[in-house]
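Here the protein sequences come in this chain order: B and A. Numbering of the first sequence is given in my numbering, commencing with residue 1 and proceeding in unit increments. Numbering of the second sequence is given in my numbering, commencing with residue 1 and proceeding in unit increments.
FYI, nobody ran anything at the bench for these hints, they're computed from the structure. Keep in mind that the hints are not guaranteed to be accurate.
Unchecked claim - To give a feel for the contact side, a few chain A residues facing chain B, derived at Cβ under 8 Å:
(1) I97
(2) F98
(3) V110
(4) K113
(5) L114
(6) V128
(7) D129
(8) G134
(9) G135
(10) V136
(11) K143
(12) V153
(13) L157
Stated by the list, open to error - Listed next, the stretches of chain B that the computed footprint assigns to chain A, with coverage defined by at least 3 CB atoms under 8 Å from CB atoms of chain A:
(14) 89-103
(15) 153-167
(16) 170-177
All values derive from a computational prediction rather than experimental measurement. Note that beta-carbon positions come from the ideal geometry of N, C-alpha and C, so glycine has one too.
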Amino acid sequence: MQITADLLISLIPSLVLLAVGTFLFWRQGSQKDDLEKILKLDKKLKTKIAKQIQEEADVQLKNVLDAVSKRLEVSVNGMVGSLTESSNKQVVELANFVREQQKVIVKESQFMLASAIDKAEKELSDYKQKRQTEINVKIFEIVRLAAKEVLGKNINPNENEKLVEDAIERAKQQKFFS
Amino acid sequence: MNSPFDPAAFIPFANLINGKDDFFRILEEIEGTKRFLFRDKMGPISLKAGEYLSPDLSRVFGQIEQLGLEPTTDDKQQDFLNDIMEFLKTIPVVKIIFAFEPTASFVAGVNSKLSNAVGKKIILDYAVDEDIVGGVKIEYLGKFGDFSLEPAVETFLKGKIQELNIS
């Protein structure tokens, strides 16, 4: 029995060590669990915070976008209104200009037509006059040649000499030689 | 024209000329007469060049000699002949166009009338154009005059054409 007691006594330090070791091991295990818990908690907190930040950011972004959108809408509406007004004004001006131009074109067309008619009449008149003159010249030339032929044949030498003397006298009277 | 000889001695030579052909013939004969000078022959030009001279030119030289207007030495006679030619070249020319071929006497008569009209001796440079109707066309000192019947005929015909209301 003694032996058993001694044995037990001798085992006490080992048991104590074992107990301490077990305790320590347990404690170490517990700390690991705590650490895991802390990490999980930390992750959870981070996730939550990130979510909150995201939500907050979304809200703020939405607010900003709403504000910008409103301003943009106001601005665009203003510009569209201005452009519409300007466009309408230009359309009216353009319509007036077109009407004026139509009047001018009509007047110019009438003037050009009148000028063209005048020109055509003048050309016709000139052509008629020219042709008439040509015909008269031809008639005159024919008659002149015929007259010369008849006169030439009917003037005898004596008459010719007399005509020369008369011609010289005429030249003298006209002071041709002075 | 400056000449030591009496101008009256040149006139008879000018009077030989009526037309341009006369002018060239007389000039040629006078130039040819100079060949008979300086041949140791004394006397007037008509004697020295007697055989060469045409009758009318011989007659004129005779007249000049009788009037005592011709020099007697060869040198002077040569100068005299040269001066005659120079004188003849100064005679004004009247160009005239006849409607017919004139006779020599008619040309002489016309020359006389024109010389009278101009106021001095003239040379007649004439041509014939049968297209002229009666009268003549005259050119003198750059002036041209139509003294034929043509202008009158044309005026008459133009009037008639207008009367017929053609123009």
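To see whether the hints hold, each was checked on the structure:
Evaluation of the I97(A) hint against chain B yields a violated restraint, the C-beta minimum of about 10 Å exceeding 8 Å. For F98(A), the suggested interface contact is upheld, since its CB lies about 7 Å from the closest CB of chain B, less than 8 Å. Taking 8 Å as the C-beta contact cut-off toward chain B, the hint placing V110(A) at the interface holds, the least distance being around 6 Å. For K113(A), the shortest C-beta to C-beta distance to chain B is roughly 5 Å, which falls under 8 Å, so the interface hint holds.
For L114(A), the interface hint holds, the least distance from its beta-carbon to any beta-carbon of chain B being 6 Å, beneath 8 Å. Here the hint on V128(A) is broken, as its CB sits about 11 Å from the closest CB of chain B, past 8 Å. Hint status for D129(A) relative to chain B: violated, with the closest Cβ pair at about 11 Å, above 8 Å. Annotation: interface hint on G134(A) holds; nearest CB of chain B at approximately 4 Å, less than 8 Å.
A least Cβ separation of about 4 Å between G135(A) and chain B falls short of the 8 Å threshold, and the interface hint therefore holds. For the restraint placing V136(A) at the interface with chain B, the shortest Cβ-Cβ distance is roughly 5 Å, inside the 8 Å limit, so the hint holds. The beta carbon of K143(A) comes within 7 Å of a beta carbon in chain B, closer than 8 Å, and the hint placing it at the interface holds. Residue-level restraint check for V153(A) holds (minimum Cβ-Cβ distance to chain B is 6 Å; threshold 8 Å).
Checking L157(A) against chain B by beta carbon gives a least distance of about 5 Å; that is within 8 Å, so the hint holds. Here's how the stretch 89-103 of chain B fares: 0 of its residues keep a CB closer than 8 Å to some CB of chain A, so the rule of at least three is not met and the hint is violated. Given as covered by chain A, the stretch 153-167 of chain B passes the check, having 10 residues with a CB less than 8 Å from a CB of that chain where 3 are the minimum. Judged by the Cβ-Cβ criterion of 8 Å, the stretch 170-177 of chain B is covered by chain A as claimed, because 6 of its residues qualify and three suffice.
The structure fails to meet hints 1, 6, 7, 14 from the earlier list, while all remaining hints are met.
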